Amino acid sequence: MKEYIRKYKNWLMLSIFVAATIIALVPLFGVLGYVLKNGLGALNIQFFTNLPKAMGLSGGGMANAIVGTLIMVLIASLIGIPVGILAGIYLTEYDRHSWFSTAVRFATDVLTGIPSIIVGIVIYTAVVLKMGNFSALAGGLALAIIMIPLIIRSTEEMLKLVSHSIREAGYALGISKGKTILKIVLPTAAKGIITGAMLAIARVSGETAPLLFTALGNQYWARSLNEPIASLPVQIFQYATSPYKEWHQLAWAGSLVLILMIIIINLAARFAFRSRHS
Amino acid sequence: MSKKRRFKTSLGDQFLRLVTFLMAFSVLVLMAWMGWQMFDAARPSIHTFGFGFITSRVWDPVKEQFGALPFIYGTLMTSLLALLLAAPIGLGVAIFLNEMAESKFRAVIGFLVEMLAAIPSVVYGLWGIFVLAPWLRETVEPGLAKWLGFVPLFQGTPVGFGMLAGGLILAMMILPTIAAISREVMASVPNMQREAALALGATKWEMIKVAVLPYAKTGIMGGIMLGLGRALGETMAVTMVIGNRPDILPSLFAPAYSMAAVIANEFTEATYDLYLSALVEVGFILFGITLVLNFLARLLVWSVARGPKGGNLV
Numbered sequence: 001m002k003e004y005i006r007k008y009k010n011w012l013m014l015s016i017f018v019a020a021t022i023i024a025l026v027p028l029f030g031v032l033g034y035v036l037k038n039g040l041g042a043l044n045i046q047f048f049t050n051l052p053k054a055m056g057l058s059g060g061g062m063a064n065a066i067v068g069t070l071i072m073v074l075i076a077s078l079i080g081i082p083v084g085i086l087a088g089i090y091l092t093e094y095d096r097h098s099w100f101s102t103a104v105r106f107a108t109d110v111l112t113g114i115p116s117i118i119v120g121i122v123i124y125t126a127v128v129l130k131m132g133n134f135s136a137l138a139g140g141l142a143l144a145i146i147m148i149p150l151i152i153r154s155t156e157e158m159l160k161l162v163s164h165s166i167r168e169a170g171y172a173l174g175i176s177k178g179k180t181i182l183k184i185v186l187p188t189a190a191k192g193i194i195t196g197a198m199l200a201i202a203r204v205s206g207e208t209a210p211l212l213f214t215a216l217g218n219q220y221w222a223r224s225l226n227e228p229i230a231s232l233p234v235q236i237f238q239y240a241t242s243p244y245k246e247w248h249q250l251a252w253a254g255s256l257v258l259i260l261m262i263i264i265i266n267l268a269a270r271f272a273f274r275s276r277h278s
Numbered sequence: 001m002s003k004k005r006r007f008k009t010s011l012g013d014q015f016l017r018l019v020t021f022l023m024a025f026s027v028l029v030l031m032a033w034m035g036w037q038m039f040d041a042a043r044p045s046i047h048t049f050g051f052g053f054i055t056s057r058v059w060d061p062v063k064e065q066f067g068a069l070p071f072i073y074g075t076l077m078t079s080l081l082a083l084l085l086a087a088p089i090g091l092g093v094a095i096f097l098n099e100m101a102e103s104k105f106r107a108v109i110g111f112l113v114e115m116l117a118a119i120p121s122v123v124y125g126l127w128g129i130f131v132l133a134p135w136l137r138e139t140v141e142p143g144l145a146k147w148l149g150f151v152p153l154f155q156g157t158p159v160g161f162g163m164l165a166g167g168l169i170l171a172m173m174i175l176p177t178i179a180a181i182s183r184e185v186m187a188s189v190p191n192m193q194r195e196a197a198l199a200l201g202a203t204k205w206e207m208i209k210v211a212v213l214p215y216a217k218t219g220i221m222g223g224i225m226l227g228l229g230r231a232l233g234e235t236m237a238v239t240m241v242i243g244n245r246p247d248i249l250p251s252l253f254a255p256a257y258s259m260a261a262v263i264a265n266e267f268t269e270a271t272y273d274l275y276l277s278a279l280v281e282v283g284f285i286l287f288g289i290t291l292v293l294n295f296l297a298r299l300l301v302w303s304v305a306r307g308p309k310g311g312n313l314v
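Going down the list, the sequences are from chains A and B.
Quick note: the first sequence uses UniProt numbering, first residue 1, plus one each step.
Quick note: the second sequence uses UniProt numbering, first residue 1, plus one each step.
Note that these hints are calculated values from the structure, not bench results.
Be aware that a few hints might be false.
Claimed, not checked - In silico DSSO-like links for lysine-lysine, alpha-carbon gap of 30 Å or less:
#, chain 1, residue 1, chain 2, residue 2
1, A, K53, A, K245
2, A, K37, A, K191
3, B, K204, A, K160
4, B, K204, A, K7
5, B, K104, A, K7
6, B, K63, A, K7
7, B, K63, A, K2
8, A, K9, B, K217
9, B, K63, A, K9
10, B, K104, A, K191
All figures in this text were calculated on a predicted structure; none of them were measured in a lab.
Chain B with its partners taken away, still in its complex shape (with noise of 0.2 Å):
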């Protein structure tokens, strides 16, 4: 009789052990899926346009001309200039958070800092449009214009709507991002190594600059390419204030057009097969940028926050 209970048992446990395996497994499956479907919808226009899809200028569905570039242009410009402002201010949020604030007023704001993050990216889309855009118009590009006129990102007419837009959006977005993942490996710096820096007698600044950042170091470029890689593939909020135009201009003030924003204004109008496959392939190219940049920067994370070196100190 008892042989029989912990037969039934035993199968129960195989089952669950086979069903959460799959599940697991599912998640593998899941990704390589995903990369096929693009490939596979995007394959008559690679076949049609070959490399000249990324080095061609041309986008018009009514010639059936493709090129991606002002779409790669755009998405660089922007996500570079939110990584420029983001990155110091989220690294500034990390350091005060972890080793200035005291703890119950690292909880408020560290929550503040989070609830940036969880405000939707059509919200700051809506904001951007009624709000920054026109004050950008209004104040901040004349003023850039006056001052810093002599740089070509700063000429041209102040539209408001444009990549300096899209640009200020996305950097509020990542910094949270940039933020969380500093304030994490920040934290897994081992207690001791700033314990020994005072000791020695270095000012706290001073004891942050030897002791934690550069132990934080690859951790934190983590952090930041995943915020590039969130910029890079942000949709909403940038598709409604980058003034949605496909052009290459150098100027911060002028309407752009990006990767994301070009698939949400256009995948659902694309009339035929050709323009569909376009579409997906911006995509496709989107999706290999994020995967290789998100590898990359897990792998730093991974090495700085999973294995802390700080053994061989004690």
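Extracted from the complex, chain A is given alone in its bound form (with noise of 0.2 Å):
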């Protein structure tokens, strides 16, 4: 009897956590599906050529926003991922286990934790005020803030998987420290390096917080680093939260096409460089 019973819970415990993983995945499904619908009918040429058009009227695209968000990215892995690679190499190869290093990576994860906004907010004020504009560059620099810690993390990873044995048949060749770490180390790491690299940019191209009030949004092409810009994600929540109806299918094909990109970089990131974990 008891047995019975003791085999019965056993199934129905192990059933429910089925069903937990079943509705975990019921929302991704649902929302992949509606940008799937919604988007493809909205999305055509126009889209991808065209500046946005006045509210109400059909026809205008994304293009500005598009770009925008490329160039973005663009400053942000210019800053962020020499700054996140650095910083990972310092915590690995020259300090593991001091109280700085142990200090610094606290911060680090700590900082992955802070929201967003709070970054486009101390961009505000110490960027945005200071020069007077909304800029390309204040929002890149804030998607910059976001990267580091991301790209530290994921370098000191894989650095750490790297054998000592490599870096001491460096050292018994009699090449220096340095030049075992850029010469040796890094080369072997490399492939998972870029991939962390890859998986921090696909995550900044989706945020929209930080840009809010960093690179603000604009209707036609910034002509300058130095002027507001359009971004793919703040311009989905604009056209989301507006009442036109055109705009509201621009939200949707903006959506898809975010998503798209940022799945590809996601599985181009995992399975491209795929051969090193496994």
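With the hints as a guide, bring the two chains together.
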């Protein structure tokens, strides 16, 4: 009798876990399904080539927002990737166990948990107010701050996988520590580090909150990096909360493009560079 | 000659070490600088309203009256709701992936759950506006009001846009965080624990209950706190579905406002310095809360994932 109850309970609990997994995946397919359905209908060539049209008119596109997102992600990568990788090198190659590196590691972890809108506020008060205008530079800088801790962590994880004997082989050949790091350790971990960087890029390309009051948004092409600039996420937000049907459709189409971009980067990062991990 | 060469390399070495050190140091500087920037910009508001800022429920930019209580209330309610939904489900996902699924299946489902985290917040918001909120208004909220209407939480007109919508969307967004961290700490439970339980005749669930969960408890708590931290600071999706009304009402159906949402909506419209400063102070409070929460959560996760005390079993 008791045996029977135990088995029944086992079966019940295991089914609950399976059910939880199914429930967790429902929203994923719900969101992706609707984005696909509504986005595909609104997607056409004009979307990629045209500027937004005035409210209520059809035929507008998001060309400037797509380019704006690319520009700001590029700025963020140019700052965030080198800083993140170099800091990651310090934490694994020079100083693994001191209180200083523990503090940096801890701060990195905590920094990943800071709401992204906070970064927007800080860049607004420190950069936008000082320079006197919203700009692509400010937006890129905000995204870079979000990127740095992500890259540090992934670089660190990857460098830790490089076995010590490889480093020792370098030293044994009389190669200096710096050269061993740059010419032997980094290339060994390169694939993993690139994967981490790509995941960080995917992560920041969807960020909206830090761009709201740094890059602001723009209905036209930005003529320089020192001007307000459009971005896909901010444009989607503005269109989604507008009362116009044409703009809602553009928001769905924009979401589809954004999600595809992010999923492709994610998949590329995971599968193109997979050989190292397995 | 050889002396000269060695000197050169060591100079390059020192340079690399210095540069990498500076970059690592910059993380600490960045965090302190962010805190200082916010505090500095929030000072006029802190001076004017003092402690009353977080106890006053009046937010009236026209009369220059700023109290953050409605936003704090909205943020806490939606985040708690999200946690109530996402914590058990996320834990279930982690157990399924870690203890039950075959490795191929595990990779696929694990990837899908991660994709849930990769969808941008603004896309969740768009979906919330056009799919979730109408569904709540027409189906879920009338149903809840009918069956559970005696509880104040489920009273009032079904609007769709409100705390329920905010909580639900947040639950979807923090679920991957909770699942991922729980999975990570469960994976650090030594296999010997499991084998010992199974060898004593435990069923799979009993094995999970006595050998895995107690071991991973601290880390799972940490994961849940990290999820809470994410929920508190999540901006776009909540802004788009919470209804954006600075009221404190008991009903989950009622429109509300969150701290991050008020910043997102009003920041560029703040027409005078005190208004802007008050918004920065809301952000500063949010920064403080998430900082403390993340700090504690990381301590918990670190204590489990970094140094499993499995050694004493062997």
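These are the hints, each one checked on the structure:
The suggested pairing of K53/A with K245/A holds, with an alpha-carbon distance near 13 Å, which does not exceed 30 Å. Of the supplied pair hints, the one linking K37/A and K191/A is violated, its CA atoms being roughly 36 Å apart against a limit of 30 Å. Simply put, K204/B and K160/A have alpha-carbon atoms about 34 Å apart, too far for the 30 Å limit, and the pair is violated. At most 30 Å may separate the alpha-carbon atoms for a hinted pair to count; K204/B and K7/A meet this at roughly 9 Å.
A threshold of 30 Å between alpha carbons decides the hint, and for K104/B with K7/A the separation of about 27 Å falls inside it, so the pair holds. Distance hint between K63/B and K7/A is unfulfilled; the C-alpha atoms sit about 66 Å from each other, more than 30 Å. Restraint check for K63/B and K2/A: the C-alpha separation of about 70 Å exceeds 30 Å, so the hint is violated. Of the pairs offered as hints, the one joining K9/A and K217/B holds, with about 21 Å between alpha carbons and a cut-off of 30 Å not exceeded.
Between K63/B and K9/A the CA atoms are separated by roughly 61 Å; this puts the pair beyond 30 Å, and the hint is violated. Pair hint K104/B plus K191/A holds up; C-alpha atoms about 23 Å apart against a cutoff of 30 Å.
In summary, the numbered hints that this structure violates are 2, 3, 6, 7 and 9.
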